[in-house]
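> Build out the structure end to end from the sequences listed, making use of the hints.
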Amino acid sequence: NAGVTQTPKFQVLKTGQSMTLQCAQDMNHNSMYWYRQDPGMGLRLIYYSASEGTTDKGEVPNGYNVSRLNKREFSLRLESAAPSQTSVYFCASGMPGGINEQFFGPGTRLTVL
Amino acid sequence: DAKTTQPNSMESNEEEPVHLPCNHSTISGTDYIHWYRQLPSQGPEYVIHGLTSNVNNRMASLAIAEDRKSSTLILHRATLRDAAVYYCISDNYGQNFVFGPGTRLSVLP
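Sequences listed follow chains A and B, in order.
Position one of the first sequence corresponds to residue 1 (our numbering), numbered consecutively onward.
Position one of the second sequence corresponds to residue 1 (our numbering), numbered consecutively onward.
Calculated from the structure, these hints are not laboratory results.
Predicted, not measured: the structure shown is a model, and the values here were computed from it.
For each residue, glycine too, the CB sits at the ideal point set by N, CA and C.
Since no wrong hints were added, every one of them can be taken at face value.
Short derived list, chain A residues pointing at chain B, Cβ under 8 Å:
1) Leu43
2) Phe90
3) Gly105
4) Gly107
Residues from chain A that keep clear of chain B, each with C-beta distances beyond 12 Å, as calculated:
5) Thr15
6) Asn28
7) Glu52
8) Ala82
Written as structure tokens, this is what we have:
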């Protein structure tokens, strides 16, 4: 099993450009999550999807949109990138309730100039 | 804001035990305590979790205070590969984890 995969691994954008970060999991998990991590900080939840067809805002949703394409895939879109969105983005999946062990992808390092 | 507080950093010598503390004074009765760690340039990985009783697994032990307002992650014999940022999270349903800045553990050879 590949676990949680993310593409791309690195990306440089100019201010105002748009892009979509892709995430897929092969563990048949119901829930998927997008986090961002700024240098020296902990992770902050952007959006999550409790199950296929549902999405909810996390702590820092402004400037992002998400799509839960199917049970496996959860994408994060930046419509008009800003330098403040320079960060490392992590996707995760899990089964909520009790333990809710979340499995994280390797991350996408995004720089917005 | 994170619902837990941890020391910013700790140091340990290789092959010695490490006790990483966490305060969660506002924890509710149904909140679990989760520990994750993040190795350099990687995403976080699950370490251990618990509710009321102490827990052991192959990676670590979790000691939970009787009043549940604090807990301690115990690495029995630290190795260089255990150098990471350790996050303590208290959460009920696990749908909105709040990761604070964590504790950066350095392991000295």
